[in-house]
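Engineer: Protein chains in written order, with my numbering: chain R, 1 to 152; chain W, 153 to 251.
Just so you know, the hints here were simulated from the structure itself, not pulled from any lab data.
Hints are supplied without guarantee of correctness; some may be wrong.
[To be verified] Here are some, though not all, of the chain R residues that point toward chain W, as calculated from beta-carbon distances under 7 Å:
#, residue
1, Ala22
2, Ser77
3, Ile80
4, Arg81
5, Arg143
6, His147
[What the hints assert, rightly or not] Chain R stretches covered by chain W per the calculated footprint, using a threshold of three residues with CB under 8 Å from any CB of chain W:
#, stretch
7, 9-17
8, 25-35
None of these values were measured; they are calculated from a predicted model.
Using N, Cα and C, we set each Cβ at its ideal position, and we do this for glycine too.
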Amino acid sequence: MESQSANDAAEQAKAVNAAVSAAARTASTPAWYWLTLGALMGAGVLGISSGNSIAGSVTVIVMLLGGRFLNATMSRSLGIRITRVFGGSANWTVLPWFAGLVVLAVLGRILRANTGVPWPGIVAAVCAVPFTVLIGTQYDRIRLRSHEIQPQ
Amino acid sequence: VTNFLDQFDETIHAPRRLAICAFLATVDEADFATVRDSLSISDSSLSKQVRILADAGYIVAQKVVSGGRARSWLRLTAGGRAAFAAHVERLRRILELQA
Numbered sequence: 001m002e003s004q005s006a007n008d009a010a011e012q013a014k015a016v017n018a019a020v021s022a023a024a025r026t027a028s029t030p031a032w033y034w035l036t037l038g039a040l041m042g043a044g045v046l047g048i049s050s051g052n053s054i055a056g057s058v059t060v061i062v063m064l065l066g067g068r069f070l071n072a073t074m075s076r077s078l079g080i081r082i083t084r085v086f087g088g089s090a091n092w093t094v095l096p097w098f099a100g101l102v103v104l105a106v107l108g109r110i111l112r113a114n115t116g117v118p119w120p121g122i123v124a125a126v127c128a129v130p131f132t133v134l135i136g137t138q139y140d141r142i143r144l145r146s147h148e149i150q151p152q
Numbered sequence: 153v154t155n156f157l158d159q160f161d162e163t164i165h166a167p168r169r170l171a172i173c174a175f176l177a178t179v180d181e182a183d184f185a186t187v188r189d190s191l192s193i194s195d196s197s198l199s200k201q202v203r204i205l206a207d208a209g210y211i212v213a214q215k216v217v218s219g220g221r222a223r224s225w226l227r228l229t230a231g232g233r234a235a236f237a238a239h240v241e242r243l244r245r246i247l248e249l250q251a
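Pulled out of the complex, with its shape left as it was, chain R reads as follows (with noise of 0.2 Å):
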């Protein structure tokens, strides 16, 4: 009993992986997905960081309009759904992502209004774009791997 349940189990496992892997290779979030978010991020730390008024309001309405037009192309062209972030409740997962780009933001604010040269706004707003692919590639990594259960 102890060893078909064990190599039902094993089974069990077989079924979870191939499962997940064949979610890996058809709904992985592309890498043009993520550019250009970090792109749309990278406008909207540019805007806030500018410190005036109507440029950070209008980049901010831009990345959230940017942003679900691009979760509504990725899910018609992959037919899944994976972000919450623009789409409805948001996901925990995401707060590092929108803190990192907050004092990326504020950062680029404070040295801009420092030194009186748009520069510190504007490398802020191109390292959002890295950033925010780095921050989107784990998160789909975590998302693919932690259903996986490992082969004994």
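The hints should help you fit chain W onto chain R, whose structure is shown.
Structural biologist: Quick look at chain W alone, frame taken from chain R:
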């Protein structure tokens, strides 16, 4: 290990339903065709398994018409996610005991 057979969830235990739950656990929602193609399951088989999972309250299937085309979106419910996570946790424990 011996009480594994008493503890596992009959609804999730079937290989195809287990695979469907495992796939859906990695996403918020997935299109019916994406699940079918990814898991190499026929339309009729997937429909049947989805119906069983939906009857158990583990999956919600929602038809959405977009661009004149109807698509069925499948999503694990909170109960479905919890049941799948518990099932996987039991499998991990058994495999650890055997290691």
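Engineer: Could you work out which earlier hints the structure fails to respect and list their numbers in ascending sequence?
Structural biologist: Structure breaks hint 2 only.
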